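Order-wise, the sequence lines are chains D and U.
Residues in the first sequence are numbered consecutively from 1, following my numbering.
Residues in the second sequence are numbered consecutively from 1, following my numbering.
Hints in this document: simulated from the structure, not taken from any laboratory.
Among the clues, some could well be false.
To be verified - Some chain D residues close to chain U (C-beta under 7 Å, calculated; not the full set):
id: 1; residue: ASP28
id: 2; residue: SER180
id: 3; residue: ASN338
id: 4; residue: SER339
id: 5; residue: SER463
id: 6; residue: GLN465
Stated by the list, open to error - Below, a sample of chain D positions facing chain U; criterion: calculated Cβ distance under 10 Å:
id: 7; residue: HIS23
id: 8; residue: GLU31
id: 9; residue: SER35
id: 10; residue: THR53
id: 11; residue: GLN55
id: 12; residue: LEU58
id: 13; residue: TYR732
id: 14; residue: GLN736
To be verified - With a cut-off of at most 27 Å between alpha-carbon atoms, the simulated DSS-like pairs for lysine-lysine come out as follows:
id: 15; chain 1: D; residue 1: LYS39; chain 2: U; residue 2: LYS37
id: 16; chain 1: U; residue 1: LYS30; chain 2: D; residue 2: LYS386
id: 17; chain 1: U; residue 1: LYS106; chain 2: D; residue 2: LYS39
id: 18; chain 1: U; residue 1: LYS98; chain 2: U; residue 2: LYS60
The structure presented is a predicted model; accordingly, all values stated were derived computationally and were not measured.
Heads up, the beta-carbon is just placed ideally off N, CA and C, and yes, glycines get one too.
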Amino acid sequence: MKPCPPRLARWLLTRLSLYDANHSIFSDFEETFLSLVEKKGPFRARLWYSTQTLQSILSYVRLVFASGLDLLANYIKVAFRSLRRHKIYSAINITGLTIGLAAVLLIVLFLSRELSFDRHHKNAERIYRIVSGDFVGMPYILGDRLREQVPGIEHIARLKHLSDESSFLLESHGRKYLISDLYMTDASVFKVFSFRFLYGDPTTALRDPNSIVLSQSTALRFFGREDPIGEVLNHDRDLALQVTAVVADFPSTSHFHFKALVPTVLSTRFHGSSDLTSWTSFNYLTYLLLSPQASATGVLDKATTLINAHQKKPRALRLQPLLDIHLHSHLRGELEENSDISTMRIYAAVGAIILFLACINFMNLGSAHSLNRSREVGIRKVLGAKRNQIARQFISESVFIVFLSALLAVLLAQIVLPLFRQLTYKDLAWADAPWGLLIPVLFIAIIFTGVAAGSYPGFIASSYQPVHTLQGRQKTGAGRGPFRNLLVTLQFIISIFFIGCTLFVLNQMHFLRSQKLGLDQERIITIKLPDEAMRESASVKAELLKHPAVLKATCSSFLPSVPQNRISSTWEGRMEEESVSLWRINVDEDFIDTFGIEVVEGEAFKAKHTPGSTYIVNQAAAELIGNRTVGTMLTMASGLCRPGKIIGVVKDFNFRSLHNAIEPMVLFLDQNRMLEFRGRQYNHAAFRYISVKAAGGGLKEAVQHVEDVCRAFFPYAANNWFFFDEEFGRMYRREQRTAGLMVVLSVIAVALAGMGLLGLSIFAVEKRRKEIGIRRILGASVPSVLLLFFRDFLYIHALAVLIGFPIVYVVVNRWLNNFAYRIAAKPWVFAVTAVLTAALFFATGSSSVVKAAASNPVESLRQE
Amino acid sequence: MGILTRNEETILIALCRLKGQTHGPALREKLIELTGKPMVYGTLYNSLEYLIRKGFVISKKGKPSPERGGKRKSIYTITPEGREALLETRRLNTRLWKDMSEADIKSRGQSK
Numbered sequence: 001m002k003p004c005p006p007r008l009a010r011w012l013l014t015r016l017s018l019y020d021a022n023h024s025i026f027s028d029f030e031e032t033f034l035s036l037v038e039k040k041g042p043f044r045a046r047l048w049y050s051t052q053t054l055q056s057i058l059s060y061v062r063l064v065f066a067s068g069l070d071l072l073a074n075y076i077k078v079a080f081r082s083l084r085r086h087k088i089y090s091a092i093n094i095t096g097l098t099i100g101l102a103a104v105l106l107i108v109l110f111l112s113r114e115l116s117f118d119r120h121h122k123n124a125e126r127i128y129r130i131v132s133g134d135f136v137g138m139p140y141i142l143g144d145r146l147r148e149q150v151p152g153i154e155h156i157a158r159l160k161h162l163s164d165e166s167s168f169l170l171e172s173h174g175r176k177y178l179i180s181d182l183y184m185t186d187a188s189v190f191k192v193f194s195f196r197f198l199y200g201d202p203t204t205a206l207r208d209p210n211s212i213v214l215s216q217s218t219a220l221r222f223f224g225r226e227d228p229i230g231e232v233l234n235h236d237r238d239l240a241l242q243v244t245a246v247v248a249d250f251p252s253t254s255h256f257h258f259k260a261l262v263p264t265v266l267s268t269r270f271h272g273s274s275d276l277t278s279w280t281s282f283n284y285l286t287y288l289l290l291s292p293q294a295s296a297t298g299v300l301d302k303a304t305t306l307i308n309a310h311q312k313k314p315r316a317l318r319l320q321p322l323l324d325i326h327l328h329s330h331l332r333g334e335l336e337e338n339s340d341i342s343t344m345r346i347y348a349a350v351g352a353i354i355l356f357l358a359c360i361n362f363m364n365l366g367s368a369h370s371l372n373r374s375r376e377v378g379i380r381k382v383l384g385a386k387r388n389q390i391a392r393q394f395i396s397e398s399v400f401i402v403f404l405s406a407l408l409a410v411l412l413a414q415i416v417l418p419l420f421r422q423l424t425y426k427d428l429a430w431a432d433a434p435w436g437l438l439i440p441v442l443f444i445a446i447i448f449t450g451v452a453a454g455s456y457p458g459f460i461a462s463s464y465q466p467v468h469t470l471q472g473r474q475k476t477g478a479g480r481g482p483f484r485n486l487l488v489t490l491q492f493i494i495s496i497f498f499i500g501c502t503l504f505v506l507n508q509m510h511f512l513r514s515q516k517l518g519l520d521q522e523r524i525i526t527i528k529l530p531d532e533a534m535r536e537s538a539s540v541k542a543e544l545l546k547h548p549a550v551l552k553a554t555c556s557s558f559l560p561s562v563p564q565n566r567i568s569s570t571w572e573g574r575m576e577e578e579s580v581s582l583w584r585i586n587v588d589e590d591f592i593d594t595f596g597i598e599v600v601e602g603e604a605f606k607a608k609h610t611p612g613s614t615y616i617v618n619q620a621a622a623e624l625i626g627n628r629t630v631g632t633m634l635t636m637a638s639g640l641c642r643p644g645k646i647i648g649v650v651k652d653f654n655f656r657s658l659h660n661a662i663e664p665m666v667l668f669l670d671q672n673r674m675l676e677f678r679g680r681q682y683n684h685a686a687f688r689y690i691s692v693k694a695a696g697g698g699l700k701e702a703v704q705h706v707e708d709v710c711r712a713f714f715p716y717a718a719n720n721w722f723f724f725d726e727e728f729g730r731m732y733r734r735e736q737r738t739a740g741l742m743v744v745l746s747v748i749a750v751a752l753a754g755m756g757l758l759g760l761s762i763f764a765v766e767k768r769r770k771e772i773g774i775r776r777i778l779g780a781s782v783p784s785v786l787l788l789f790f791r792d793f794l795y796i797h798a799l800a801v802l803i804g805f806p807i808v809y810v811v812v813n814r815w816l817n818n819f820a821y822r823i824a825a826k827p828w829v830f831a832v833t834a835v836l837t838a839a840l841f842f843a844t845g846s847s848s849v850v851k852a853a854a855s856n857p858v859e860s861l862r863q864e
Numbered sequence: 001m002g003i004l005t006r007n008e009e010t011i012l013i014a015l016c017r018l019k020g021q022t023h024g025p026a027l028r029e030k031l032i033e034l035t036g037k038p039m040v041y042g043t044l045y046n047s048l049e050y051l052i053r054k055g056f057v058i059s060k061k062g063k064p065s066p067e068r069g070g071k072r073k074s075i076y077t078i079t080p081e082g083r084e085a086l087l088e089t090r091r092l093n094t095r096l097w098k099d100m101s102e103a104d105i106k107s108r109g110q111s112k
């Protein structure tokens, strides 16, 4: 066999085609290689080929840079020297750039996570979710009809939580487990989405009506091993689900996560037979995998026709591309909380602004600094440097500094990543970042920033006349110059913008927290009962009340923070056609007392009132009903409620987040009882939550007692309790996250601007040191010298305020309009912003001036 | 006309010894033989590139030959200017070395 040169080396040679114009490197190599094979054997020849290739590439690089390389080495040496000599200048420059670049890195990391949602599915671009109006669900039957009648759909997958509440009790080998995110779904779900099967077969996994597919983590949790195929999970004695497959968990960047999947046929057992055939219960999330050539609008039109043939009011359907769900979809009934594209845009913009600020600093300082090096430029020019060589020196120097900062930035980003995780997501990791894209982009950004920032000082410095610079007559103008002033003004505007916005955001958050919610949320501990324990709510409550640290206790169907039921209702004097949807919470007689809700009219629930037909409304509802609300008969269209009297009116309390105004709501007195539904008797478990009010100072004992009670009644869900105020605060998590990030980012932005100003003022003072000395000798006071320096600065600040405030006003107003309860754009906040920025800049700028002015004038004048 | 660098000088000498015309591998062989040191192609090409830019050497693509897989090879030829430069360098060298023995070099620091 003919020996062959190493493939990689050969490929490199042909691809790079070095020296191609004049030399036939490739064939020369081949020839020598062949002769070497004869003389020294194939191994040595191959070794020779590889090392030769490498060395030749290196020497080619040397040829290309030829004379430039030596100069470059000199430039870098000089850059190092000047970095060392001007310590403050370099510190400001490198710190600023490092912080800016680190911030950008982290923002990119965060954004790339948000943008990567659901991309792990192989056919992600062809998957759509069909939704109606503001709700995510669709009738089950629609999927069947679509599959039968509409071409262009490859597969359909429907999803629905098995239990209405999101957790479900399963039992195996005598141990009980609560499982959340248990979905009913079609067998074709494995064809629509990409699942990784660890055990089991996708084609048969959900074929049997009693089969269950577990996620890897669930399998481990239940059975302690990954392959529990054939094991049985029981529910309620009469339902046995057999594990048929184990699939890998979805990555965190998925718009929904499952713990287990079961076939949709189980629905009939839990939700009645109509669930699968009704055209009016919109319960199933319906995902379509369209064929590559199918038109989405065509499918949508057909689906709309199918749906509206069965509706009283026509519905407008939409097809959401799967990849848009995480950032664009904010419907009722989303499986998990989604992010918001506009927030992402804000982050991207803020990142760009911070980088921009860092660049401005760099340019400003660089151009001011170039004056200090006019002698060096003069010498270089005398020695024969051309103008573009000087410019090249400055540019390569700035690229070098940017590169250095980028290295430090990576380090800094790594250090602050844990903190950043707390502000954003816990599972943020560098490994998930799109490095293939990020590294080239970062590299280009470094070069670009370096060149952009270095070209202006390079341009200035290269224009110096050697004669003037060497005589020391170079006109100095640090802190002047229209271009530099423009940049400083921009920095001021940006700082004012950030400080203003942050103040407003913090103000609004404070306002939200201090809002009188109309109910007591302190020292309230809430237990969420598992399904099985709901029937025992009364005895759990009685047990809880036994401890002295528990003052009060109440059962309710929902928490005041999250009522989920809206029931269409009518009352005396209102026709059925005019029915209104009212929020409803089923409560026991202690609810109003425990949550400290104020009764403004009528009375609270008492033992004498009959459960099932007694109502209390809030003020918003009372307004709707009109005068003499108390005593009015109310009818709610629900099997639970018999028509009954409204016995009281409570003060409005905020039961949803303060984004929304308070809506009409009904408290409905309920208890566990037997009910008749469609001729069948069934046991109605009324309450999901039990909330207890702990005695002041007795919170710890109360928590301990609550835990004990939970463990006694339902050991498998012993930690199903939480503090009510934390749950309530969760509604503002997104705002809090925004506020936290805003504060951090604006601190960074303002710090950058301040550092830039500090650097500039140092140079300005240095240049005018003699002037200050003479002025001082002639009798000028320190303040008057200060004023001299800050006159320009005050003009710039005034201009920045003039431009910045309207921008702040518009942006802040738009954000505040998200809230039903918002602060006004108060003038004092603007005043504080103006004063704060002025003070900040004055503080950073004045230190060097004061130092120069206060020093003995003789010192500064003695220089020559 | 500038003085040749040592590298360029060596290459031109090797080229002259090969009758003023040769291709890459042969030139490299000759250089290794003359200097007794290994030679990287890249260095050779660098020097050749400079010689070509100065006009002392020209490179032409030769006929494709079967043993090179039908690939054309570059033939380097020394130009009259190259010969002139080499001559000048030789004259300089002889001037420089005239009356210099090895002993003169070894007895460092002592004037003659």
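Cross-check of the supplied hints:
1. Because the smallest distance between the Cβ of ASP28(D) and any Cβ of chain U comes to about 4 Å, under 7 Å, the interface hint for this residue holds.
2. Below 7 Å, beta-carbon pairs count as interface contacts, and SER180(D) has none with chain U, the closest being about 65 Å; its hint is therefore violated.
3. Nearest Cβ of chain U to the Cβ of ASN338(D): about 57 Å, over the 7 Å cut. The hint is violated.
4. A least Cβ separation of about 53 Å between SER339(D) and chain U goes past the 7 Å threshold, and the interface hint is therefore violated.
5. A distance limit of 7 Å between C-beta atoms decides the matter here; for SER463(D) the minimum to chain U is near 32 Å, and the interface restraint is violated.
6. For GLN465(D), the interface hint is violated, the least distance from its beta-carbon to any beta-carbon of chain U being 33 Å, above 7 Å.
7. Residue-level restraint check for HIS23(D) holds (minimum Cβ-Cβ distance to chain U is 5 Å; threshold 10 Å).
8. A least Cβ separation of about 5 Å between GLU31(D) and chain U falls short of the 10 Å threshold, and the interface hint therefore holds.
9. For SER35(D), the interface hint holds, the least distance from its beta-carbon to any beta-carbon of chain U being 7 Å, beneath 10 Å.
10. For THR53(D), the suggested interface contact is upheld, since its CB lies about 9 Å from the closest CB of chain U, less than 10 Å.
11. Interface restraint check: GLN55(D) against chain U, minimum CB-CB distance 4 Å, threshold 10 Å, status holds.
12. Hint status for LEU58(D) relative to chain U: holds, with the closest Cβ pair at about 7 Å, below 10 Å.
13. Given hint, TYR732(D) at the interface with chain U, is violated; its Cβ is 65 Å from that chain's nearest Cβ, farther than 10 Å.
14. The interface hint given for GLN736(D) is broken, as the beta carbon of that residue sits about 61 Å from the closest beta carbon of chain U, more than 10 Å.
15. For the proposed pair LYS39(D) and LYS37(U), the alpha carbon gap of about 18 Å is at most 27 Å, so the pair holds.
16. Between the alpha carbons of LYS30(U) and LYS386(D) the distance comes to roughly 42 Å, so the proposed pair goes past 27 Å and is violated.
17. This hinted pair does not check out: LYS106(U) and LYS39(D) have alpha carbons roughly 40 Å apart, beyond 27 Å.
18. Restraint check for LYS98(U) and LYS60(U): the C-alpha separation of about 38 Å exceeds 27 Å, so the hint is violated.
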